[in-house]
Each structure stands twice: as structure tokens, then as C-alpha cells.
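If you want the building blocks of each chain, they are given just below.
Protein chains: 2
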Amino acid sequence: MDMINFEALFKISYGLYLVCSGDKNKGNGFVSNTVFQVTANPPQFAACCNKDNYTAEVIKKHGAFSVSVMDKNASAEMFGTFGYRSGKDFDKMANMDIKYGETGVPIVMNDCVSYMELRVVQTVDVGTHLMFIGELISAEIIDDTKEPLTYLYYREVKKGVAPKNAPTYVDKSKLIAKPAQLELKSYKCLACGYIYDEAVESIRFKDLPDDWICPVCGSEKSDFIEI
Amino acid sequence: MDMINFEALFKISYGLYLVCSGDKNKGNGFVSNTVFQVTANPPQFAACCNKDNYTAEVIKKHGAFSVSVMDKNASAEMFGTFGYRSGKDFDKMANMDIKYGETGVPIVMNDCVSYMELRVVQTVDVGTHLMFIGELISAEIIDDTKEPLTYLYYREVKKGVAPKNAPTYVDKSKLIAKPAQLELKSYKCLACGYIYDEAVESIRFKDLPDDWICPVCGSEKSDFIEI
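First to last, the protein sequences are chains A and B. So that you can map any letter, position 169 of the first sequence is 156 in this note's numbering, and since no number is skipped, the others follow by simple counting. So that you can map any letter, position 11 of the second sequence is -2 in this note's numbering, and since no number is skipped, the others follow by simple counting.
Bound-form chain A, shown alone (with noise of 0.2 Å):
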């Protein structure tokens, strides 16, 4: 039997999108890497959402969300507040310019390139994911100067990485480990979770300047934990 090399799935493309719902009393919203168009006739986006994520919730109540493209410069602050914080207790859109779709959905219009809102018709239990199938009911360019950002210039420039009940959340134990690594050692951000990884990172930890900060959400060195 052949085995599974993750780093192979390291290899697969994605864009990075804000997927929102809810309406102006309450709207919510999260980092998704995997929105893709499943027809062209009717256009048809889907998106998966982790059951235990609230804004899995909330689309399930409206039956719709919208879609807006990630620009590759969007500021840390939009990570911090859509990829690794809960809405439930918290307003997510406060300090967003939001325009409201046909369906009453929030678009979050700062930071982003395009954007799309969509119908759901179809949603599919795909385990700890929700796969919502949503027909197109608009789109719009919001600012054509700026660049969608990708995943893997997220990862590589950003030095971000997918939170735990992201679909492409990687174990790290489960790569392959090369000797070299064994030593090194892992620092986690208390604030959003970002994981400083030394085994990937050409600086060690303790030798990053005192004014470094999380490259996610911008907390200080100190809020970091070795893991």
C-alpha cells in the first residue's frame, strides 16, 4: 500500500475568501480556502464550513452567503479577527465596511478584491464539514488595482497557517520528519494561535527581535508559548 505524503497536499491551489452570513442585526463570517465554482450553467460557488464553526450555523438559518475575495495585501487584523476568533460572543463585522446583499447577508467590502453573494440549494454532509452549494446571485468587482491573495502566498509570505478545523488543516506529526528538525521547537501565539514552527523558519525562535510580532495578528513575542 502506498502511504499518504501531506506534503503532497501542499501542492493544491487555493485563493483565500471571506465566507459570511446572517444579516445587519447579526452577521458572521470566516477565513475559507476552499470556495470553487461547480457549474457554469447556472453558476454555481460552493464552500466548506466546519459543523462546530458558527457561521456554519448561520448560513444554515439564512440560506445564503456571500463570497469576497481576499486582496494579498489585507491587513493581519482580518486574520485575527475572521480566521481565528468565534463570533458567537463577538461582533465580527463592527469594524468592517459591509454592504448588504439582496438576501440581507454582510459583504465585507474593506480588504477584499470581488465578491460574490450566493443562494444555497443544495447543502452536502461531507463528515466535519458542511459543503454549502449556493447559486450565484451577484458579483462585483470591488477594487480592480488589487491582487487576489492565494494560500500559498499566505503561507509562504505570510508564514500563516490553517487553524484546526480549517479542511486543510495538516497534523504536523504526520509529516514525514526529517533528523535535522528533531531538535527544533514550535511557539504558539495565545492570541490567534499562529504557530511559529522552527523546523520551517530560518530564524530560531529565541533570536527573532524583541519587536517582532505575529505575523497573523500582530500580538508582541511575549505572547508567545513554546509547545
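Hints were generated in silico from the structure; no laboratory data involved. What you are looking at is a predicted structure, and each value in this text was computed from that prediction instead of being measured. Check the hints yourself; a few may be wrong.
Identical chains blur together in the list; that is why a pair holds if it fits in one copy or across any two.
Think about it this way: if two alpha-carbon atoms lie no more than 30 Å apart in a straight line, the pair counts; the simulated BS3-like pairs of lysine-lysine are [as the list claims (entries may be wrong)]:
no., residue 1, residue 2
1, Lys48, Lys11
2, Lys48, Lys75
3, Lys48, Lys13
4, Lys172, Lys133
5, Lys75, Lys172
With chain A's structure known, arrange chain B on it following the hints.
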């Protein structure tokens, strides 16, 4: 009501893959840009396939498929073979470097960066397409020095277009016409169906050099007709 600006859909990021199925006697496959991970535990991936596409039939029969991540420098012949021709009466695997997976499906190794083999666990009817959801049974890097091809690179650098039965095919008449484009023409490659659209190119077709060849299949300029 908001309108649909189809240009906004071009901001969704995709990779390009060879999705194959069948066995040693008869294998088939096609170029897909909609392969994506749907869960991490277990690792499951989805791929959409047009119902009219011969590969859909083959995947249904074999209950398994392979996904090879195309190399950024994949040759034009790969697109000619897998992107624009039907495998019904033609052996697409004939000149390929093939490995056969645990399920017996062919896995294309040449011009590719990594591969995955998947067993179908769920088939979702999404209208014009079938979405095959497969559980990962093997994955391996083929060549780590190669970079994955993205749809953006294919469109911008290789000047490729989606064929008619792709989930991301866009009927150009739906794009917002720019006045300056109205007098521009399109030319179609009779061999592979590739469209040279003056509205998106910087050179008129007639001004292309005589030794210009189709970027997809390598056919000569004289094999193009005005459409």
C-alpha cells in the same frame, strides 16, 4: 437587484490538475481546475466533472480517481491531449508516464508535481456536473523542484481558456463589453478549440508572425478560423 459581473469570478484562484480514472486496459482523464479539499480528518477531496465528459462515466464505473497536480511548465501537448479532446475513441494514456494506483486507476506522472489517489465516497449531482468526493488513499510528491501550475498563470502567461464544459467556462457575450473591443475578432484553433481573442490580446491575429503556433496544441496559424 445587483447584476452579475462575470469578471468578478476571475478572482477565484485555482490550480490545474489531471483528473484520471479507468484501468490498465482503458484509462481516461481531463484537465480540471476545480479540485479542492473538503475535510482534513479523514482527508477528502472533491472534483467536478461535466456529465457529458467521458471521464465522468469512467469514474462512476471504477469508483476511484487520481489527481495529478500539473507542473507550471507542463507542455502544450498535455493541454491538447487532456483539455480539448474526448478519450472515447482515443487513448490519452498512450504517450504518458503512468503509474497504476492501489485501486488500479492510472496516475499521470510526467509534467506533474505531485499526485493523490482517491476512492469515491459520495457523488453529488450539481446540475450539469457530477461532484465526486473521494477519500484520500495515497499521495506523493513526484518532483519537489517543480512548481504547481495555477489557472491564473495558465490564463495570463499561457493564454489558455476554459473549454465549454468546464465549471468555470465563461460565455464571453456575458462579459461587460468595452466599446473599443467591439471591432475586435476572435479566431479558433480547429485542432484543439483554443480561442485567440483580440479583445484580451495585445496583438491583432493578422499581425502575429507566420511561425506563431497555437499555445495549447502547437497547431499552425493557418489552422485557425475567424469566428
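Hints and how they fare:
1. Lys48 - Lys11: Within. Shortest intra-copy distance 14 Å satisfies the 30 Å Cα cut-off; inter-copy 48 Å does not.
2. Lys48 - Lys75: For Lys48 and Lys75, only the intra-copy Cα distance (14 Å) is at most 30 Å; the inter-copy one is 45 Å.
3. Lys48 - Lys13: within (12 Å within a copy, 46 Å between copies)
4. Lys172 - Lys133: Result: close only across copies, 29 Å inter versus 36 Å intra.
5. Lys75 - Lys172: neither (32 Å within a copy, 53 Å between copies)
Hint 5 alone, counting from the list given before, is not met by this structure.
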